[in-house]
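Here is what each chain is made of, one letter per residue.
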Amino acid sequence: AQSVTQLDSHVSVSEGTPVLLRCNYSSSYSPSLFWYVQHPNKGLQLLLKYTSAATLVKGINGFEAEFKKSETSFHLTKPSAHMSDAAEYFCVVSVDPNFGNEKLTFGTGTRLTIIP
Amino acid sequence: NAGVMQNPRHLVRRRGQEARLRCSPMKGHSHVYWYRQLPEEGLKFMVYLQKENIIDESGMPKERFSAEFPKEGPSILRIQQVVRGDSAAYFCASSPLYAANNEQFFGPGTRLTVL
Chain A
4 AQSVTQLDSH VSVSEGTPVL LRCNYSSSYS PSLFWYVQHP NKGLQLLLKY TSAATLVKGI
64 NGFEAEFKKS ETSFHLTKPS AHMSDAAEYF CVVSVDPNFG NEKLTFGTGT RLTIIP
Chain B
34 NAGVMQNPRH LVRRRGQEAR LRCSPMKGHS HVYWYRQLPE EGLKFMVYLQ KENIIDESGM
94 PKERFSAEFP KEGPSILRIQ QVVRGDSAAY FCASSPLYAA NNEQFFGPGT RLTVL
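Here the protein sequences line up with chains A and B, keeping their order.
FYI, the numbering for the first sequence is 4 to 119, going by the working numbering.
FYI, the numbering for the second sequence is 34 to 148, going by the working numbering.
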């Protein structure tokens, strides 16, 4: 069974400062990992995904995440926050032992607030 | 290429009524997943379907909830005799037959309000 823990339910940063959203995962197999963003009353947009290739993954809007197997972490970062980054962020894990389709397991989310 | 479509976007029902939520997957996608997001919570998996088959319904409540994905037409999530606790956002996602790294594409969701 897999699970994902988002360590902070709320994060507030000032505009122009770095963003760090933390995520730890648990999986019996080599996982696929994703970060999704949800703006208020909107659907989910994929930010980036880890696919067992490069451990440092670059996504859209300047976000990136680093897969650290030794720490079972997949933290999301951005060098400089923008007001439009204010949203809910979900860390997601999926297990694909047989290269088949698989349900996604979501973290509880981190609400990012940007202070002007 | 149109994305995943869900309708209605908002649905209001009174207690005891039925709710029908529709999901049209992306073109060429044969797998559909339904997730529920309760207020202030993350998404929880409900059911995974292929055309005419339920593959995994481990997240579906045992009563009142059913899902189908017929050979023709959209996938339907049906909730009978709705209660206030069913109020949530219901998201549909789709993927192709062999989804690279399990990537799923999400629709905009249906927000169900039970009065």
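Take the hints with a grain of salt, since some may be wrong.
Said to hold, decoys possible - Just some of the chain B residues that point at chain A, by a computed CB distance under 10 Å:
{"#": "1", "residue": "Tyr68"}
{"#": "2", "residue": "Lys77"}
{"#": "3", "residue": "Val80"}
{"#": "4", "residue": "Tyr81"}
{"#": "5", "residue": "Lys84"}
{"#": "6", "residue": "Ser91"}
{"#": "7", "residue": "Pro94"}
{"#": "8", "residue": "Phe98"}
{"#": "9", "residue": "Ser99"}
{"#": "10", "residue": "Glu101"}
{"#": "11", "residue": "Pro103"}
{"#": "12", "residue": "Glu105"}
{"#": "13", "residue": "Gly106"}
{"#": "14", "residue": "Phe139"}
{"#": "15", "residue": "Gly140"}
Claimed, not checked - Straight line, CA to CA, 25 Å or less: simulated DSS-like cross-link-like pairs of lysine-lysine:
{"#": "16", "chain 1": "B", "residue 1": "Lys77", "chain 2": "B", "residue 2": "Lys95"}
{"#": "17", "chain 1": "B", "residue 1": "Lys95", "chain 2": "A", "residue 2": "Lys45"}
{"#": "18", "chain 1": "A", "residue 1": "Lys52", "chain 2": "A", "residue 2": "Lys71"}
{"#": "19", "chain 1": "A", "residue 1": "Lys72", "chain 2": "A", "residue 2": "Lys61"}
{"#": "20", "chain 1": "A", "residue 1": "Lys52", "chain 2": "B", "residue 2": "Lys104"}
{"#": "21", "chain 1": "B", "residue 1": "Lys60", "chain 2": "B", "residue 2": "Lys95"}
{"#": "22", "chain 1": "A", "residue 1": "Lys45", "chain 2": "A", "residue 2": "Lys71"}
{"#": "23", "chain 1": "B", "residue 1": "Lys104", "chain 2": "B", "residue 2": "Lys84"}
{"#": "24", "chain 1": "B", "residue 1": "Lys95", "chain 2": "B", "residue 2": "Lys84"}
{"#": "25", "chain 1": "A", "residue 1": "Lys52", "chain 2": "B", "residue 2": "Lys95"}
{"#": "26", "chain 1": "B", "residue 1": "Lys104", "chain 2": "A", "residue 2": "Lys45"}
{"#": "27", "chain 1": "A", "residue 1": "Lys61", "chain 2": "A", "residue 2": "Lys71"}
Simulated from the structure, these hints should not be mistaken for lab results.
A virtual CB, placed ideally from N, CA and C, is assigned to each residue, including glycine.
Tested hints:
no., hint, verdict
1, Tyr68, "holds, 8 Å"
2, Lys77, "holds, 7 Å"
3, Val80, "holds, 9 Å"
4, Tyr81, "holds, 6 Å"
5, Lys84, "violated, 13 Å"
6, Ser91, "holds, 8 Å"
7, Pro94, "violated, 16 Å"
8, Phe98, "violated, 16 Å"
9, Ser99, "violated, 18 Å"
10, Glu101, "violated, 18 Å"
11, Pro103, "violated, 19 Å"
12, Glu105, "violated, 21 Å"
13, Gly106, "violated, 21 Å"
14, Phe139, "holds, 4 Å"
15, Gly140, "holds, 6 Å"
16, Lys77(B) / Lys95(B), "holds, 15 Å"
17, Lys95(B) / Lys45(A), "violated, 29 Å"
18, Lys52(A) / Lys71(A), "holds, 14 Å"
19, Lys72(A) / Lys61(A), "holds, 17 Å"
20, Lys52(A) / Lys104(B), "violated, 31 Å"
21, Lys60(B) / Lys95(B), "violated, 31 Å"
22, Lys45(A) / Lys71(A), "violated, 30 Å"
23, Lys104(B) / Lys84(B), "holds, 6 Å"
24, Lys95(B) / Lys84(B), "holds, 22 Å"
25, Lys52(A) / Lys95(B), "violated, 33 Å"
26, Lys104(B) / Lys45(A), "violated, 29 Å"
27, Lys61(A) / Lys71(A), "holds, 15 Å"
Of the numbered hints stated above, those contradicted by the structure are hints 5, 7, 8, 9, 10, 11, 12, 13, 17, 20, 21, 22, 25 and 26, listed in ascending order.
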